[in-house]
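2 protein chains.
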Amino acid sequence: MIETPYLLFLGDAPDQLAAKVAQGIRDWRPENAVGQFRLPGCGADVGLADMTLQEARDAGAKTLVIGVANRGGIISQEWKDVLVKALEMDFDLASGLHNLLRDERDLLAAAQTHGGTLHDVRVPTDAYPIANGVKRSGKRVLAVGTDCSVGKMYTALALDNAMRKAGMKSTFRATGQTGILITGHGVPLDAVIADFMAGSVEYLTPDNDDDHWDIIEGQGSLFHVSYSGVTMALIHGGQPDALILSHEPTRTHMRGLPGYTPPSLETLRDVALPLARVANPDCQVAGITVNTQHMSEDESLSYLAGVEARMGLVTIDPFRQGADRLAEVLGSM
Amino acid sequence: MIETPYLLFLGDAPDQLAAKVAQGIRDWRPENAVGQFRLPGCGADVGLADMTLQEARDAGAKTLVIGVANRGGIISQEWKDVLVKALEMDFDLASGLHNLLRDERDLLAAAQTHGGTLHDVRVPTDAYPIANGVKRSGKRVLAVGTDCSVGKMYTALALDNAMRKAGMKSTFRATGQTGILITGHGVPLDAVIADFMAGSVEYLTPDNDDDHWDIIEGQGSLFHVSYSGVTMALIHGGQPDALILSHEPTRTHMRGLPGYTPPSLETLRDVALPLARVANPDCQVAGITVNTQHMSEDESLSYLAGVEARMGLVTIDPFRQGADRLAEVLGSM
Numbered sequence: 001m002i003e004t005p006y007l008l009f010l011g012d013a014p015d016q017l018a019a020k021v022a023q024g025i026r027d028w029r030p031e032n033a034v035g036q037f038r039l040p041g042c043g044a045d046v047g048l049a050d051m052t053l054q055e056a057r058d059a060g061a062k063t064l065v066i067g068v069a070n071r072g073g074i075i076s077q078e079w080k081d082v083l084v085k086a087l088e089m090d091f092d093l094a095s096g097l098h099n100l101l102r103d104e105r106d107l108l109a110a111a112q113t114h115g116g117t118l119h120d121v122r123v124p125t126d127a128y129p130i131a132n133g134v135k136r137s138g139k140r141v142l143a144v145g146t147d148c149s150v151g152k153m154y155t156a157l158a159l160d161n162a163m164r165k166a167g168m169k170s171t172f173r174a175t176g177q178t179g180i181l182i183t184g185h186g187v188p189l190d191a192v193i194a195d196f197m198a199g200s201v202e203y204l205t206p207d208n209d210d211d212h213w214d215i216i217e218g219q220g221s222l223f224h225v226s227y228s229g230v231t232m233a234l235i236h237g238g239q240p241d242a243l244i245l246s247h248e249p250t251r252t253h254m255r256g257l258p259g260y261t262p263p264s265l266e267t268l269r270d271v272a273l274p275l276a277r278v279a280n281p282d283c284q285v286a287g288i289t290v291n292t293q294h295m296s297e298d299e300s301l302s303y304l305a306g307v308e309a310r311m312g313l314v315t316i317d318p319f320r321q322g323a324d325r326l327a328e329v330l331g332s333m
Numbered sequence: 001m002i003e004t005p006y007l008l009f010l011g012d013a014p015d016q017l018a019a020k021v022a023q024g025i026r027d028w029r030p031e032n033a034v035g036q037f038r039l040p041g042c043g044a045d046v047g048l049a050d051m052t053l054q055e056a057r058d059a060g061a062k063t064l065v066i067g068v069a070n071r072g073g074i075i076s077q078e079w080k081d082v083l084v085k086a087l088e089m090d091f092d093l094a095s096g097l098h099n100l101l102r103d104e105r106d107l108l109a110a111a112q113t114h115g116g117t118l119h120d121v122r123v124p125t126d127a128y129p130i131a132n133g134v135k136r137s138g139k140r141v142l143a144v145g146t147d148c149s150v151g152k153m154y155t156a157l158a159l160d161n162a163m164r165k166a167g168m169k170s171t172f173r174a175t176g177q178t179g180i181l182i183t184g185h186g187v188p189l190d191a192v193i194a195d196f197m198a199g200s201v202e203y204l205t206p207d208n209d210d211d212h213w214d215i216i217e218g219q220g221s222l223f224h225v226s227y228s229g230v231t232m233a234l235i236h237g238g239q240p241d242a243l244i245l246s247h248e249p250t251r252t253h254m255r256g257l258p259g260y261t262p263p264s265l266e267t268l269r270d271v272a273l274p275l276a277r278v279a280n281p282d283c284q285v286a287g288i289t290v291n292t293q294h295m296s297e298d299e300s301l302s303y304l305a306g307v308e309a310r311m312g313l314v315t316i317d318p319f320r321q322g323a324d325r326l327a328e329v330l331g332s333m
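Protein sequence lines correspond, in order, to chains A and B. In case it helps, the working numbering puts the first sequence at residues 1 to 333. In case it helps, the working numbering puts the second sequence at residues 1 to 333.
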């Protein structure tokens with residue numbers, strides 16, 4: 001559990017894209033961030049007030065979150081000067097970088113001296129159980145993709161927003177480092193040991209009110225040979241009541257795998273649903289989300305309408321349209 | 001890579017079943033073991049000459065292998081006396097126990113003093129890559145089960161034997177601790193970090209001669225919610241040319257999962273084959289192995305003939321019949 005609210009560290013981000021973790025926090029949990037901290041030359045701006053460490057502390061910030069990717073696989077001295085100072089001022093630090101904060105001797109020493117916590121969210125912190133498959137109370141929904149990086153996290157966060165807006169009970173359950181930093185907790189599933197993957201998902205989505213929805217962040221794809229085992233563990237550990245099929249229609253091959261063609265939405269449905277029904281015989285496909293960022297508005301609307309007619313399922317682009325229609329479908333389940 | 005030949009440590013095994021790792025080595029790689037070492041009161045005997053440590057050294061033994069399960073989750077002082085002595089006599093040690101040898105201070109100290117290696121085969125030793133899905137030369141076969149513990153390792157080892165006997169090129173590829181101890185190398189897949197599972201299977205089964213078969217040890221089941229992610233990674237990392245369906249027909253529920261009914265062989269085929277074809281579009285189901293240990297000889301033969309007629313696939317119990325018929329099918333692929 002990472003303490004909120006945050007000060008978002010943008011460092012010397014070369015451009016907006018490099019600060020996408022900070023942008024995600026700003027977009028989805030604005031109440032979790034009091035401001036942003038930028039170094040000279042920073043090319044990113046997530047639209048929050050620029051603050052010094054002291055101003056952020058005065059505004060109540062508890063944790064300095066690295067909201068930017070680092071360059072060259074190192075944590076620079078310029079960054080460290082800020083991070084050590086933050087620890088001296090009683091901030092915790094949180095990071096999803098591949099380089100772990102705890103592996104930096106000066107950061108570790110400052111944390112120990114001042115009692116701060118270093119949250120490396122790529123590293124599991126809990127001892128997860130082996131999955132037991134016991135049916136849990138409450139409802140769960142999971143997005144599965146025709147490929148990796150087709151918008152499953154975005155789908156989940158948009159759906160969570162739409163459900164809350166509609167007065168439904170819902171919790172976004174993060175399974176990747178960006179999602180964990182956005183919400184302050186979750187399971188870094190890609191770093192969990194094989195035998196405990198499904199158990200970690202059970203642990204993340206425990207018994208709940210009968211009318212509560214866990215919205216589980218998807219990972220990988222059943223059709224992506226590098227990561228399909230992770231997806232499989234989400235489907236069986238999550239025992240979803242509802243699947244959402246997620247798709248990016250302009251992909252010519254699977255991400256990082258030339259020669260592998262993404263499946264159709266029909267194929268995804270036909271493979272994923274029987275597997276999901278092993279853990280939850282009542283599982284249904286609730287709808288479809290499409291990432292239409294590479295299409296014009298007209299093309300997008302026409303594509304979505306075509307898929308909806310063909311598949312007989314509510315089909316939306318949650319970025320362009322929000323996820324209200326999908327929330328409505330789940331509300332009736 | 002564990003150095004062979006071995007001396008098999010049976011310790012104070014209460015019965016034969018407790019020594020099943022040693023028995024597996026004796027059954028499948030008799031050339032890897034010069035003898036057995038038993039403590040007073042040992043209730044197991046794998047049919048090798050009883051040897052002292054010195055006799056085994058004189059016979060060329062390089063590694064003392066713990067071939068027995070320990071009791072109560074501890075490594076007893078009685079065991080340690082032997083293990084330390086073995087290290088002093090220049091043996092390496094190898095173990096698949098949950099308690100790691102390296103976590104025992106006295107064993108670690110003796111290993112460091114005498115230059116011996118402690119092989120804890122439950123722990124991955126290599127830095128595995130992320131799977132790239134590139135097609136590899138050579139052929140691969142993988143057994144997938146309707147449940148866990150239905151005889152997939154036995155199937156693979158029997159098939160390896162039958163293929164060698166028939167003059168075919170084959171290598172058993174171990175993915176679990178027993179298999180690793182039997183052959184001296186492999187990947188402890190259940191302990192690999194999620195993102196690297198499929199990559200570790202690619203690493204284990206590299207390019208090979210066009211007429212060489214890697215016989216990959218299966219794990220878990222696509223229908224076992226605790227471990228299905230591991231099975232999925234084997235299917236996609238292994239990119240098998242052939243699947244074998246493995247079944248235990250008297251199972252009333254999935255192992256350790258009351259309330260979960262094992263699927264039919266038809267359902268297993270219909271789920272596993274499309275998934276395997278994602279990584280290898282030419283994948284075929286080559287045959288079926290059935291563990292009929294809970295049936296009489298007549299019942300077994302009748303059951304096997306019934307499945308063979310129903311499924312149109314060679315169907316054998318490799319324990320009762322050997323795997324020659326299955327080797328023949330693969331030889332024609």
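Be aware that one or more of the hints could be misleading.
It does not matter which identical chain is meant; a pair holds if it fits inside one copy or across any two.
[As the list claims (entries may be wrong)] The calculated SDA-like cross-link candidates involving lysine to any residue, where the alpha carbons are at most 25 Å apart (straight line), are:
1. Lys62 / Leu273
2. Lys135 / Pro258
3. Lys135 / His253
4. Lys135 / Thr267
These are calculated hints, taken from the structure and not from any lab test.
Here is what the structure says about each hint:
Taking the closest pair of Cα atoms, Lys62 and Leu273 never come within 25 Å of each other, the shortest separation being 43 Å inside a single copy and 51 Å across copies. Taking CA atoms no more than 25 Å apart as the test, Lys135 paired with Pro258 passes between copies only; the shortest distance there is 11 Å, against 39 Å inside one copy. Taking the shortest alpha-carbon separations for Lys135 and His253, only the inter-copy value of 15 Å comes in at or below 25 Å, while the best intra-copy value is 37 Å. Within a single copy, Lys135 and Thr267 get their C-alpha atoms only as close as 27 Å, which misses the 25 Å cut-off; across copies the closest is 22 Å, which meets it.
In this structure, the one hint that does not hold is number 1.
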